[in-house]
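Fit chains B and H to the supplied structure of chain R, relying on the hints for placement.
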Amino acid sequence: MSSHVAVEQRGAEVVLTDFGWHYPGREQPSLSAVSARIRPGERVMLLGPSGAGKSTLLQAMAGVEQDPDGESRSGDLTVNGLDPRDARGSVGFMHQDPETQVILARVGDDVAFGLENLAVPREQIWPRVGAALAEVGLDLPLDHSTTALSGGQKQRLALAGTMAMHPQLLLLDEPTASVDEQGAVELRDAVDRVVAMAGTTLIVVEHRVGLWESVVDRVIVLDDHGSIAFDGPTKDVLVDARELLQKQGTWVPDWTPHTRPAPARDAQAAPLLETRGLAASRTQPNSRVVARRRRRGRKAWAKGRPVETDVFGNGNAIPAAANINLTVRAGQALAITGQNGAGKSTLALTLAGLLLPCAGTVLATEALAGDAPADPSLWEGSELITRIGSVFQHPEHQFLCSTVRAELEYGPLQAARHGAGPGVNEERIDSLLRRLDLEDIADANPFTLSGGQKRRLSVATVLASAPEVLILDEPTFGQDAETWRELVTMLVEEMERGTAVVAVTHDRELIKALNAVEMRLGA
Amino acid sequence: MTQVQTNTSRTRKNTPQKSWRVVDIVVAAVLAAVCAVVFWAWANLLYPVATTAAVAYPPATGMIGGGWLIAGSLGALIIRKPGAAIFCELLAAVLEGFLGTHFGWTVIISGLVQGAAVEIVFLLTRYRKFGLAVAAAGGALAGLFMGVSENIMYNFEWALDQQVVYASLTTLSGAIIAGVLMWLVTRALQKTGVLNGLASGAARR
Amino acid sequence: MSVTTIGDTARFSPVGRSNAVVKLLGALLITAVLVVSADPVTSGIALLGQLILLSAAGQKPLRLLLTLWPITVAALISGWGTAMLSPEGGTVLLNLGWITVTTGSLAAGAAIALRGLAIALPGITVLLTTDPTDLADGLAQTLRLPERFVLASLAALRLVEVMVKEWSVLASARRARGAGNDRGPVGMTKEFGGQAFTLLVQSLRRATRLAMTMEARGFGAGKRTWARVPSYSRVDLYTGGAAVLIAVGAIAVSMLMGTHRFIWQ
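Protein chains in written order, with my numbering: chain R, 572 to 1094; chain B, 24 to 228; chain H, 7 to 271.
Source of the hints: derived by calculation from the structure; they are not laboratory data.
The reader is advised that the hints may include incorrect statements.
Across the chosen pairs, the derived CB separations fall in these ranges [as the list claims (entries may be wrong)]:
#1 R/Lys870 - H/Leu100: 38 to 44 Å
#2 R/Ala871 - B/Thr148: 57 to 63 Å
#3 R/Asp763 - H/Arg189: 52 to 58 Å
#4 B/Thr148 - R/Ser721: 46 to 52 Å
Fair warning: this is a prediction, and the values are worked out from it, not measured in the lab.
Even glycine gets a Cβ: it sits at the ideal position worked out from N, Cα and C.
Isolated chain R (complex conformation) (with noise of 0.2 Å):
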C-alpha cells in the first residue's frame, strides 16, 4: 500500500536499567527499579493499577513527560540507545484524548504536521500523508474537517499523523479509553496493520486486556510500588497474573467484578417519570428566555393554567431523539442504548429537566413531583437535585467546591436554603465518604483526585440530597474493574432503597448487572 514511499526502518530498541520516577512533594515513587529490554519489534502490553506510572514510563519514553523540577527521575532509559529526548521523531506517542490528538482543521494538514517539524521536503510530504491515511482505513478528502470526525476516527488521524512520521517505536496510552466499541475495535486493527507493515516496535498501555490480547506478544505488569510484577509472554502472564490483574481492577478477559444482584424487574413498580411523544434537542432558546418561561411556568401553574411550551421560534430544532415514550419505575433500572449520535444523553438531560423538549412531555408523577410542578424543566434548582440527580459523562465538569466534604455538602445546604431539606446529615456524608471510600481525601481538592476517584465522588455528590431518580450519563466508561464494582454496588443499594436509575450506557455488563430494562434508541 505505501511501498512506493516506504524507507528502511525497523523497530527501535528499548532498554530500561533501574528506572525510577518520583514526582516532588509526592510520598510514593511512581516507578521503582524498572529494568527490561524491549527487542525491535516486539509488541509489548503494560498493566498496572491506576496510578502505578504506566503513562509516566511511556511519555518518558517519548520524551514529552513534564519533570517540573528535573529531578522526579532516576536509573537509565534509553531508545536504540539514546535518551528520548534526543530520539523524539523516531518515537510516536498517542494518548486517550480524541479532541486533543488532532491539532489541526483539515484532515491533510493535520498529518502533515508531524513531517513539517521533522523537516520533511514538500515533494515528499502529501505522499506520505495519502499513504498513512490509507493505512489507517481513513478514506477522507485532505481538506475534510477535523471537528466533524467521531472520537474513534480522530484517533486513527492520529495513528496516520503519527506513522507518517515513520518512527521506529509506538507507545499507545490507553488509546482506546474515550473511544466506543466499534471504533476500538478498527483502531486496534489499525494498530496493527501499520505495525506489522513497518516493523515497529509497540507498547500499549489499556485497560481492556480482551481487546488488545491477539495483537501483543509480551505482557509487563507492574504492581502498587511501580516495580514489575510479571514479565513474560502474553499467554502465559495473563494466567499468572489474573489474580493480581483482578485486584488491580484490570479488565481480565470473561470476567466480570462480582456484584450484589440488583433488585428483579418489576413492570408493576410506581412509576415516578413518563414521557409522552418526546422529542429531544440540542438546540436550546437562549438562557434568558428559558428563565423567562421557567417564571411564567411557574406563575402559570400556580394559578392552574396550562403551562407554555412552544419557546423555540419558528420550530426549527431539530431533534436529536423524537417521539419517545417511557416510565421511570421507582427501584427499577432503564438503560438508554444506541448507536454515537443517537441522541442518548441528550434524551437524558431532558429527562432530567436539564434540556427543554423540541415536542412532548416529560412529567413527573405525584409521587416524585410532590408540592412542585409536574414538569421537571420548571423546578428550581434546589426542587431538582432533591428528586432527580443527573451524573455528567465528565465528573469534573460538576464540581463546584473546593474541598471533597464540601462538594458533598453542597447540594443539601443548597435544598435547606430554599426550604426543601432538612440541611446537611453528617452521618449521611460520613457514610457516603466510607461508602465510596473517599475518607482519606475529604479535605482534598476535587480538581487534583485520580480519575476512578474522580467518578466515584461525582456519583456521592448527587447522592447525598438523596433524590429519588438518578439520572447517570455513561457513568462506567473508562472505568477499571474495581471502580466498575464499587459504582455498581452503589446503585444497587439505591435500587433497593427505592431510588430509579437511570443510565445512559454502552456497557452490557452494567446493563446486565443493573437487571435494567434497555431502550434502544435509533433502532
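Then chains B and H, alone, in the frame of chain R:
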C-alpha cells in the same frame, strides 16, 4: 535530528527560564482562547446592562472594561515568561473580535497596547515577582492604557472631563478585575494541579 | 450571530480567492486611515468603497448590515454617546439635565457612528472570506511571524468551538447540582465565575495534552518545512489595489475637499 529549542525543557536547575518551551506556547495560546470565550459569555450576560450604560452615560462602561484585560494578566501570572502578557492579550483580542460583535482590526492595537502595559509591570520586577500587588499594578496600568488609547481612538469628541472619568474607571476596573481577581484565579488554579509542569505550578511546591 | 453561515458565497468570490495576507494588509491599511481620520467624508467614502467591494464578493451590503445588526447598533450607540458628551455648541436640540444634545454635537455623533461602521467592516470582510489556516500559512511564511506562536494559535483557535459547546454543557451540569439558583446580580456573577473557572481548568488540561501531542509530533524541535506555500495571483493585485484605492482615495478626496481632519486636530 537536530535539537534547537527542546533542550530548554530539560534544564536541571531551578532558575527562572526565560525561553519558551512548547508547553508554554500552547498553554498561552489556549489561555487566550478561553479568555476570549469567557469574555464572549460575559458580554452576552451583560449585554442589556452594558447597552443601557452606554446609552445613559457612556463613560460608565469603563467600569466593566477590566473584563477585556484578563488575558494579559492571566498569561503573565501563569506562564511567567517575557512576552506572555502581550501574546495572550493580543491573541485574545483578535479572537474576541472573531466571536464578538464590533470586530474591527483596531483590536490589534488594543491588544498590543493593553498587553504591553501588563508586560511593563512584570518586566520591572524582572519576572521574579507575581504577587497580589504586582498583579493589581499590572491590571491598573493596562486599564489606564486602555482608557487613554480609547479616548484617543474613539472618544476624541468627548469633553475632556468625561475622558478623564472614563480612563479613571478603566484603571480601577483593570486593577480589580484584571489584577486582584486574576491573581485569586491563579491561586485557585494552582490548587487544582492543572498548572503543574508550568512555572506558576512549580513555584507553589 | 453566526458570521460563518453567511460566508459560503463570499469564500468563493474573487475577494474570497485572494491571498489571506493581501486581504489582511489591505484591511489594516483601510483601518489605519480610518483610525487617524475624524471627519465624516473620509469615513463615508471608505464605507462606500468597502460596501462596493463586498458586493463584488457576492454579498448584498444592506442585507449584510441587517444580519450583522449588533454592529450597526453598536455604531449607533457610540454615535449617541458622542452626541451626548461632545462639547460642540450650536442650537440646543434636547436637554434632559445631564444630557444636552446640540446641532454641533449631533453632527459629531453622526460622524462617529459612520466612522465606527467603516472601521468594523474590514474585520467582517476578512472574517467572511478567509480560512484561518490560510491566514496562518501567510502569517508564518510570508510575514515571517514566529512560526511556533502562529501554529499554536491556530491549534488553539480550533479549540474555541469545543469551548463554546462546553460552556453550555457546564450550565446544565451545574444546574443539575443545584447551582445558579439566585437570579440577583451577585448570585449571577458568582455562578458565572464558577462556570468560567471550570472552563478554565478544562481548557488548561486540554492545553497541556495538546502540547504533549504537538511535541510528540516533533513540534518546536528545530527548522521545519511547509507542506503548502501561500500562492499569489492576479486576483491579489486587484484586491490589494482596491484596498489601496479605498484607503488612499478616501483620505485624498477628503483633503482635496478641505474636510479632512486628523483625530488629534
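- Message: Output the indices of the hints that this structure fails to meet, ascending.
- Response: No hint contradicted; all consistent.
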